[in-house]
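Top to bottom, those sequences are chains A and B. With the working numbering applied, the first sequence covers 1 to 206. With the working numbering applied, the second sequence covers 1001 to 1206.
Chain B regions said to be covered by chain A (calculated; three or more residues, Cβ under 8 angstroms): (1) 1014-1020; (2) 1025-1036; (3) 1049-1063; (4) 1070-1079; (5) 1094-1103.
Hint data in this document are derived by calculation from the structure and do not stem from the laboratory. Since the model is a prediction, treat every value here as computed from it, not as a measurement. Where a beta carbon is used, it is the ideal one built from N, C-alpha and C, also for glycine.
There are 2 protein chains.
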Amino acid sequence: MINYASRLLESAVNELSRLPGIGKKTALRLALHLLKKDPTVAEALGNSIIQLRNEIMFCKVCHNLSDAEICEICSSPKRNEKLVCVVEDIRDVMAIENTGQYNGLYHILGGIISPMDGIGPADLNIESLIRRIDHESISEVIMALSTTIEGDTTNFYIYKRLKDRPVKITTIARGISVGDELEYADEITLGRSILNRLPYENTLDA
Amino acid sequence: MINYASRLLESAVNELSRLPGIGKKTALRLALHLLKKDPTVAEALGNSIIQLRNEIMFCKVCHNLSDAEICEICSSPKRNEKLVCVVEDIRDVMAIENTGQYNGLYHILGGIISPMDGIGPADLNIESLIRRIDHESISEVIMALSTTIEGDTTNFYIYKRLKDRPVKITTIARGISVGDELEYADEITLGRSILNRLPYENTLDA
Chain A
1 MINYASRLLE SAVNELSRLP GIGKKTALRL ALHLLKKDPT VAEALGNSII
51 QLRNEIMFCK VCHNLSDAEI CEICSSPKRN EKLVCVVEDI RDVMAIENTG
101 QYNGLYHILG GIISPMDGIG PADLNIESLI RRIDHESISE VIMALSTTIE
151 GDTTNFYIYK RLKDRPVKIT TIARGISVGD ELEYADEITL GRSILNRLPY
201 ENTLDA
Chain B
1001 MINYASRLLE SAVNELSRLP GIGKKTALRL ALHLLKKDPT VAEALGNSII
1051 QLRNEIMFCK VCHNLSDAEI CEICSSPKRN EKLVCVVEDI RDVMAIENTG
1101 QYNGLYHILG GIISPMDGIG PADLNIESLI RRIDHESISE VIMALSTTIE
1151 GDTTNFYIYK RLKDRPVKIT TIARGISVGD ELEYADEITL GRSILNRLPY
1201 ENTLDA
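Can you make the complete structure from the sequences, with help from the hints?
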């Protein structure tokens, strides 16, 4: 038991140390840092955390984080609304947006089918995906999930639900990462990358 | 530039990443963690940070953090008020309190003399220490600063200011850490620990 000399400090340290990856020592360092700074710094931090949790919304269409009912991507007239990319969570949206290579819409599942963690299809935003396909003019669904057993299971489940609908289902390419050496690649990835080989010209404009 | 999809999220990530040791990626992880939890978690965290900064006080006697004008240690009748331990900051108070071996009072300098960082004696709580010695019934000042050049400089400066006053000045023992092997100890520490050797019986009750 550490004696913090102040219940205010103790409470701030306890709250900070509930965050993932932050222990009591780090929490104390952060709290003492805030005490050294101007009061506006602590106020801005505290208020931004409270506002974030209380005011943020989830887009009614794609379930992305949003400041409005419909997110910026779904409401943008510049995006190609015939394409929907299915991802696990909003970090994947950020990663794909960062590439600058995609201008379609997204659909965030909010997780992945994982019987080990007790997550089934009903826990994910799959029904709303099917509703979108039935009611919007979507021509292609791009599955962009992790290449794990859970990702493959989720891919297959969604594929089975969608396969009788008039929509093309694709997955992002799996292959050797740019910069990787062949001899260190695992055999499944290497095998698939040979089976799914591309015309060389296709890679020239990337 | 990451597209956070939400200005609320972006602002929370920016504020969190101002904390020492927290970059944008960690800040995003923390923000998304808070979004998954109950709103009360974010509210408790945010409010504890704001309260900490706005309501905390510094003890008027020893400059320790406190919820009142005089801290718990200074106002406790159980502490030996003839002893004052001089430390650099409040983390040292916590460390010494944790040992359970000290029941005197403290005096927090709020730093250490460091010409390299532009910190001189006037920037530290040294005058208030001298006032305490002149007005309280203190018989011993224990210097408990780091064993660095800055710590030694500060020790020497305070020693010079106090040496004509009727107060004993001591420093915490320097020597081989418990559990350390002699062959890896540096020669100054080892040399001092021989010069400052103790009667063996003194170590038995520790």
